[in-house]
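Fit the two chains together into the complex; they arrive one by one in their own frames, and the hints show the way.
So the protein lines, in turn, are chains A and B. Per the numbering used here, the first sequence starts with residue 18, numbered consecutively. Per the numbering used here, the second sequence starts with residue 1120, numbered consecutively.
Honestly, the hints are just simulated from the structure, not real lab data. Heads up, a few of these hints could be off.
Cβ-to-Cβ under 10 Å is the rule here; a few derived chain A residues that face chain B [what the hints assert, rightly or not]:
(1) Arg68
(2) Phe72
(3) Gly95
(4) Gly103
(5) Gly112
(6) Leu113
(7) Ser115
(8) Glu132
(9) Asp150
(10) Ser152
(11) Glu158
(12) His159
(13) Ala182
Under the rule of at most 27 Å between Cα atoms (straight-line distance), these lysine-lysine pairs were calculated in the DSS-like manner [said to hold, decoys possible]:
(14) A/Lys52 <-> A/Lys123
(15) A/Lys102 <-> B/Lys1343
(16) B/Lys1232 <-> A/Lys102
All residues carry an ideal CB built from backbone N, CA and C; glycine is no exception.
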Amino acid sequence: MMRIQIAIVCVTLALAVGNLKAADTSPQVTLNVTKAAPRTVELLTQRALLRDYKFAWANLAQALESNSMESLNGLFAGTANTWLKGKVSTQRLSGLSSRYSNQSHKVDAVFYAPEGDVIELHDTAEYDYQVLDGSKSIHSEHAVVHYVVLMTPGADRWVVRQLQAVQHF
Amino acid sequence: MSSSINTACRSPKVSLCWIGAVLLSLAAVSMAQDIELRVPSGAVAGQPASISTTGGGSATFYLEGPSIALKRDVQLGQDIQLSAREIEGAGRYVATICASNCSSSVFFVAAGKPSTLTFLVHPSRAPVGQPDMISGVAFPFDEFENLIFTPETVQFQISSKESKLASHSVETQNGVAWFRTSSGKSAGAVQVAASLNDVQARRVVQQVASDPCRLQIKAQRTPKGVEVQTDPVRDCAGNPVPDGTIVTFTAKNGDQISTVDAPIKQDVARARITAKGTIVISAASGVVMGNEIRVGGQ
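The following block holds chain B by itself, in its conformation from the complex (with noise of 0.2 Å):
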């Protein structure tokens, strides 16, 4: 193009020729920055939306969102349609459209509505009657795997077979609920679920015993030695504290002290002590101490 303006300007009207190519060059330059975007103000995920275009002619289109990348040849002056699956992932997109020149225009698009609570609760087994035992965190989330980040009121509930033992409605902030709370009194399981208007998720905590109570013991001289044993041992809210757990029995006879550990097996701890003489006997699990009993000689 430049050639053909340097020998047509070579005619006697020179500076009328040049002045002419510069508005047509001026011209060409404002037709190719003329190709304006108008992107998508409000544009949700996974729900088709479109983009419209100024100027004539073919132009290439491109998108560059959080997990796609595309291009594709468009006409300028028409809607660039982005289907469904184009804009799934909420985020930022940039949107370029290229024919003589580039230009680019950003848009934002917003998760859609609650599918699916990913919802983490803490511990799977958890001691009864103890303070801040039991926590759990909820974060909402669109069919496709969008944060949802404005505010939605999610309900957690505590429940046992029984009964309903809590409820918390908490709202989201920054697209997370959370709750804390005790464990219940009663051993077994209970089930804590989140849900946001009929999205809902369960999950199940086993509520155990707490450390035992008290231990209550009490023992014979047999031939083989001393057969001692346990009360049935429970905690302080009267469940059965959970088969396996260790109870030491200490045996004192004079300077002599030795001890078994047993466990408990339906509610209750056995051991045998073969000292001989007059001994005295004491149980303990974890910080709890039992009663002492003397037990004569033979």
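Looking at chain A on its own, in the form it has when it is part of the complex (with noise of 0.2 Å):
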């Protein structure tokens, strides 16, 4: 009886273990500016466009799992802030939402422009994505992903102003 116990405990743990894994919105990202062209990008510079663009994705993440735009925190503008509008209230009309999780971003710079006002990414994005109607899940899979990603510097931080799905690089 003892026994049954613990496997209990030891199953219910594993699970919880597993959910906070699941649940886990945190994006990993790293950067690679070494193609950048024809300006290099600066140290500082590479450090602001990791920590915002790592926002951006946590924000997208929790905006499209919520169906609120109000996570976005001024991260998303142009084009990109149009499309994440449409997508949740578009969302939010059919009753559907969309997780983003264990979320891995393998970014490079390819393009910054002469005078620092522009700077193109590639992104490979692996996550694992899921589609849910209401509480039911209709779709999920493990989801590698490129992306073309223009983002512009604001007052204090760098924007994403499109941020665009291809087939390949």
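The following block contains the structure:
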């Protein structure tokens, strides 16, 4: 009897840890700037880009899971912001939500404008993607997606202006 | 269903009954798994597309794209029509269909034809005769603001009122084309244009005179002091230096040194120096020194 109880506790703990891991929405991001041209990316810029791109994905995941734009913190602008708003509002309208978990992003800076006012990133993103209709999972996959990203500097942060998935770079 | 099978299988021919039930279940599972989605392979943003399905009966169709999420009831075996509006955003789409179970398929929508050019040009004011002074970056987008990733040739052209100054033809790489060029020799507005097929974007750069090339001063003693002024101040290409550029006049009288800053107004900077006795006056603007003149005492 005691053994059964211990087994139940172990299984419960294992499931809880599993759930915690699955709910992890903090993205892992690595940024390589060696290919950036014609301007080289300064170290401080590199740090700011890494920080803001990571936040952007964390906020995007939160917005699409909760169907709320409040979590975006101004990290999206222009087309990227319009698209995200469109997706959140149509998800809400259809009773859908989507979940991005266990995110890992390998990002290469491929173009940095001569005056430093725009940077193009190529992100090979890996994540577990799940689409839910209410609480029912209708699609789940481990996705590897290539994103072309345009970011521009704002007053105190870099903002995502374009976030477009492509079949390949 | 399982209770009815249990009841039915209490008959003497138990094994046959169970085999039948298993076969029926397998058939049902196989029917449920048979739903197949045939997604478009070359979909273009803003152009209608269709997804074909197999099987029969009603089902729920879901589409998750970059800017859209939708859910609608469909009939299996019929094509699902996607309107132009539903696939305006280029990117990755997940189409899912659910009947007794769900199956999904992924497809990509590519950007359409170039419709706009985002064109960034720097600086807005450029000194003349400077190497690599003017730069421009162009991103082609389609009418739905999708970045066009396939190579396109962008024509950059720099022209003044009188003539075409420079032209560069650049193929986009990773969806961007850029150029860098020297500024011209004459002050004035120049137009910088980027064009791709019949799409064009224009910006204006004001070319201004560079630093003064040489300073020549003259002075005259008057009852109120020494009136000193420059000749018209120009850069090395002969362009008049903009009004407001500061010229510093320095007067030395033995150990005493006094300075006066005067802005250029209509090409000339003027100042009055109130020193007595013989003085030596010089002028400077930026890194350029002018001549020295000696003015005797009254």
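Structure-based check of all given hints:
| no. | hint | in the structure |
| --- | --- | --- |
| 1 | Arg68 | violated, 23 Å |
| 2 | Phe72 | violated, 20 Å |
| 3 | Gly95 | holds, 8 Å |
| 4 | Gly103 | holds, 4 Å |
| 5 | Gly112 | holds, 7 Å |
| 6 | Leu113 | holds, 5 Å |
| 7 | Ser115 | holds, 6 Å |
| 8 | Glu132 | holds, 4 Å |
| 9 | Asp150 | holds, 7 Å |
| 10 | Ser152 | violated, 14 Å |
| 11 | Glu158 | holds, 7 Å |
| 12 | His159 | violated, 12 Å |
| 13 | Ala182 | holds, 4 Å |
| 14 | A/Lys52 <-> A/Lys123 | holds, 13 Å |
| 15 | A/Lys102 <-> B/Lys1343 | violated, 72 Å |
| 16 | B/Lys1232 <-> A/Lys102 | holds, 25 Å |
Going through the hint list in order, the structure does not satisfy hints 1, 2, 10, 12 and 15.
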